[in-house]
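Whole structure, please, built from the sequences with the hints as guidance.
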Amino acid sequence: MTNQIKVSVIIPVYQVESYLERAVDSVLAQTLEEKEIILVDDGSWDSSPDICDRYARDYPEMIQVVHKENQGLGMARNTGVELARGEYVAFIDSDDTVEPEMYEELYTKAAEEDCDIVMCDVQIHYVEENRSTVVRSYPSVQVDLSDYIANGNNITYSVNKLFRREIWDHNRYEKMLFEDIALIPALMTKYPRIGYVPKPFYNYYRRPNTISTTPVGDMVDITDAFRRYIDNSNPAYREEVVYCTAKQLYWNMTQSRVLFQADFIDLLKEYKKDFLLNRYIAGDGKIKRILDFLEKEVIPDNLICVHFHRRIPEEYLEEIRRDFPKAVLLEADERVLTNGMFPESVSRALAEGHLSFAEEYMALKLLYEQGGIVLFPDMRANLNLKKLRLNPIFFGFEDQEDLTAGCFGAVKGHYVIQALLDSYGEDNIFNRALLPLKDRLRDFLIRHFRLRVNGRKQLLKKEIQVYLPSVLAYDMKDGDNCCKRKIGDIPEGYEAVSGKVLAMWSNRILENWNLYKRELDGKPPAVSKPAAKPDPASSSNFRQELDARIQEVVETYENSTCWKLTKPLRMLAKLFGKKA
Amino acid sequence: MISEKVLVVANSVYQLLTAVHMKSSILYNCEVDLLVTDVMPGMEDFIPRLKDTGVFRRVLTGHTMEINKKYAGAGEQALTEGFREIPEIFRCQLSDQLDSYSQVYFANFDPFTRMLACRYYYDDCDFMWYEDGFSSYVIDYLREDRAPINRHAEGRKIRDKVRAVLLYEPHLAMRGDGLPNRALPKIQRENQGLKEELNYIFDYHPPEKEASFIFLEQSFRAEGIKSNDLELMKECRQIVGAGKFLVKPHPRNPENLPLQMGLTRRYMVQAPWELLLLNEDAREQTVITVCSNAALTGRLVFGLDMPTVMLYRLFEGKVLWKEDAILKRYLEKFRRQFAGKNYYVPETVYELRHVLEYLGGRHD
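Protein chains in written order, with the numbering used here: chain A, 403 to 982; chain B, 171 to 534.
To be clear, the hints were calculated from the coordinates, so they are not data collected in a lab. In this text, all values refer to a predicted model and were calculated from it rather than measured experimentally. Misleading hints may appear alongside valid ones.
As the list claims (entries may be wrong) - Taking lysine-lysine and the BS3-like style, the derived pairs with C-alpha atoms no more than 27 Å apart in a straight line are: (1) Lys789/A x Lys675/A; (2) Lys649/A x Lys789/A; (3) Lys728/A x Lys814/A; (4) Lys396/B x Lys488/B; (5) Lys728/A x Lys577/A; (6) Lys902/A x Lys404/B; (7) Lys498/B x Lys863/A; (8) Lys396/B x Lys840/A; (9) Lys592/A x Lys470/A; (10) Lys327/B x Lys240/B; (11) Lys840/A x Lys511/B; (12) Lys511/B x Lys365/B.
Stated by the list, open to error - Okay, the calculated bits of chain B under chain A, using three or more residues with CB under 8 Å as the criterion: (13) 513–521; (14) 524–530.
The beta-carbon is built from N, C-alpha and C at its ideal position, and this holds for glycine as well.
What follows is the structure in structure tokens.
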């Protein structure tokens with residue numbers, strides 16, 4: 403029996419009770435008879451294991467089931483590979499389907515041309531949008547490997563390919579989220595006898611809110627996957643591999659995974675010479691734009707947490723592990739106080755029991771020395787915080803008047819952080835009165851960068867980003883929140899927001915709406931001048947600021963779903979001479 | 171040994187204080203005639219007591235205010251006529267005849283002082299300019315483009331007569347007029363003899379306890395300078411609390427607006443500011459001001475390190491003063507080189523809040 407199996411089809415199964423039968427049935431319906439199906443239940447807790455067992459009972463000679471603890475897709479495929487007896491191995495995801503002729507035609511091609519790998523095209527079904535598209539793998543039946551790597555499609559997919567089983571004697575998936583990218587394209591460079599059947603045999607169902615479409619912290623794995631692709635590929639094709647990586651990176655950085663842009667920039671910098679010297683990239687007007695990212699300074703993936711005589715809450719650590727799995731947690735507790743010299747103010751603060759003063763100093767020190775994002779134990783971060791790594795330095799308002807010192811970040815050795823750090827050694831009111839960092843910070847930014855104390859987003863000297871309270875202090879559920887202060891035990895579905903911020907938020911919404919209406923009416927906006935402050939903006943600055951605000955508000959509305967949906971109505975109204 | 175005869179002209183309480191101090195220090199061995207002018211408010215009150223002390227050989231009085239007003243901005247012809255009438259002016263406006271002097275000490279380059287310079291121009295008599303607050307550190311009074319009198323043949327004669335400028339802190343001078351600066355010894359608050367003399371002259375009585383934060387108003391309104399000084403007062407009052415806050419009005423301002431606006435109680439103290447500094451424990455009181463010279467007096471004259479909050483960096487107005495740029499440089503130099511540990515120059519209103527709270531202010 404073993405010798406007769408031409409293709410082993412491995413189906414990893416995890417929480418797919420709604421789709422599994424459709425997938426298995428599509429394999430059972432294959433015209434290729436000499437096949438086996440290996441269902442690898444990766445620790446599902448829905449009814450998937452039962453469905454697997456039922457199939458194994460119904461098709462004992464064709465289907466075998468393995469139940470294992472959850473380790474992820476790659477590990478499940480490896481388990482399947484170890485059990486596979488076929489001449490060739492194929493993979494199908496348990497929520498996808500294959501066309502009936504797929505394995506027969508791919509196998510025939512493989513047998514005829516003694517291929518190591520045979521591939522087909524992929525039909526992508528966008529489930530939500532009720533449309534589908536075919537992605538051709540290559541424009542010609544004859545595959546020129548270097549050209550395929552550089553210009554082909556579907557290179558990273560495991561599922562549209564048939565692999566000679568011996569390939570798996572030396573290769574395995576790794577335990578990571580993007581196991582395909584880490585392994586498959588590199589395999590293609592090492593097994594150049596590749597066949598191609600230009601038919602869309604594989605049906606890939608793309609749904610919203612799935613692992614591939616919803617950002618999660620582990621997605622940062624993708625950078626490691628690209629590293630492995632470059633490092634593990636056949637050096638003879640490095641030029642093409644780097645170009646292929648560049649294309650994928652460009653798409654990820656600018657379209658699909660912008661949230662991880664900082665991680666991608668780190669990767670680019672790591673392989674800087676390869677990208678800069680690559681002839682394919684140099685000749686590709688679009689992709690060479692990726693090289694611009696090499697110039698961008700990015701905050702290192704460090705999270706700095708200083709906690710003197712208090713423990714980091716487990717909830718904090720869990721969130722870090724979940725959303726920032728690759729980040730280095732630079733932790734400093736009271737033990738750092740035993741070695742090192744401190745400014746007089748810090749020593750006095752410690753002697754007088756002002757631990758938070760000393761903590762804030764130490765956080766600045768670590769930030770200056772290592773770069774990263776300071777996140778105090780009473781703060782709770784989410785995945786969005788990653789985006790802020792794209793600033794060279796950032797801070798945020800706590801409310802209209804105060805800044806937060808709970809979370810802020812900077813690149814290593816930033817002069818603003820150095821200046822703040824140095825200020826602890828100066829004779830000033832902040833040290834004399836042992837004032838919190840947020841006060842020192844606000845005054846510093848006002849004095850040196852003309853920070854406007856209005857709780858609004860602003861970019862100082864084209865470099866220092868200051869965010870709204872909704873970004874680093876409170877989650878106002880506008881999608882912008884990166885981090886918030888932990889305030890007691892708030893019931894699920896509720897948020898604790900200070901009265902000041904709530905008032906500010908309401909005013910802001912009202913003001914935005916009024917500005918927008920006036921702009922639509924073409925009237926000059928009558929906005930009350932901000933209350934007199936010691937350092938007010940000049941009238942020209944005020945006008946510029948106002949224009950910028952109007953533009954921001956207009957864009958907000960015009961990018962809103964509501965505005966887009968009503969566009970046809972407005973066009974019709976315009977056509978008939980009415981204003982919608 | 172024949173002692174030198176010296177004339178000291180005093181136009182203000184500050185100058186009179188320095189005059190008495192000079193007599194007991196650098197002019198100790200000199201026979202000193204003191205000329206007190208009516209530029210000093212309440213001059214008449216001090217004269218009998220000044221005479222009683224016997225500190226000065228003679229105490230003369232002079233009605234010079236009108237002369238100064240008349241000629242300060244006068245044109246060429248009026249000035250020529252004025253300087254031609256010096257003997258008559260002196261005869262009519264001074265209480266007694268002037269003597270021959272080896273030195274004349276003065277603090278202001280007003281027309282009367284320039285007439286004195288003309289009077290002694292050909293005599294062996296040096297003119298010594300002694301300090302009158304930070305203007306003596308900052309202003310080149312003799313610069314030709316400053317006033318017509320500086321270009322007048324008689325008016326400018328004083329330039330040839332001035333030998334030195336006596337300052338409590340000569341290294342802070344930045345006038346740029348090339349005149350040599352000399353040190354004036356500080357007044358020692360421990361000098362009981364001097365203190366008693368001054369207290370007697372000014373009939374000093376310890377005031378009832380004042381507020382712990384005192385805002386020294388300046389004459390911005392009198393000079394037509396629009397500014398935010400009232401807003402700053404309001405801010406300070408809010409931070410320290412009404413009960414601890416008091417505004418000392420500037421006599422030249424036409425109205426006591428801080429009082430009318432309810433920013434302060436009435437300032438009841440009659441004693442000159444300098445006498446308060448001399449007698450009271452200044453460490454207990456915080457002085458707040460935009461840039462009043464009086465706030466620096468404690469440090470300049472007495473070497474006091476009293477809590478002082480200078481608000482000039484928070485000032486919003488076209489100018490602080492005519493010599494705005496130099497004044498700001500002077501104030502910065504003062505801050506960096508001379509100000510004590512209790513001298514604060516907040517740069518933001520938030521820093522001001524922190525400073526005042528640190529110095530004992532609390533919200534009501």
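Structure-based check of each hint:
1. Lys789/A x Lys675/A: Holds. Lys789/A to Lys675/A sits at ~26 Å (cutoff 27 Å).
2. Lys649/A x Lys789/A: 21 Å, holds
3. Lys728/A x Lys814/A: 18 Å, holds
4. Lys396/B x Lys488/B: The hint holds at about 7 Å.
5. Lys728/A x Lys577/A: 14 Å, holds
6. Lys902/A x Lys404/B: 23 Å, holds
7. Lys498/B x Lys863/A: At roughly 26 Å apart (the allowed maximum being 27 Å), Lys863/A and Lys498/B satisfy the hint.
8. Lys396/B x Lys840/A: Distance of about 33 Å is beyond 27 Å: violated.
9. Lys592/A x Lys470/A: 31 Å, violated
10. Lys327/B x Lys240/B: Judged against 27 Å, a Cα distance of about 19 Å means the pair holds.
11. Lys840/A x Lys511/B: At roughly 24 Å apart (the allowed maximum being 27 Å), Lys511/B and Lys840/A satisfy the hint.
12. Lys511/B x Lys365/B: Between Lys511/B and Lys365/B the Cα gap is close to 26 Å, so the pair holds against 27 Å.
13. 513–521: Since three or more residues must qualify, the claim that chain A covers the stretch 513–521 of chain B holds, with 7 doing so at under 8 Å.
14. 524–530: holds (count 4)
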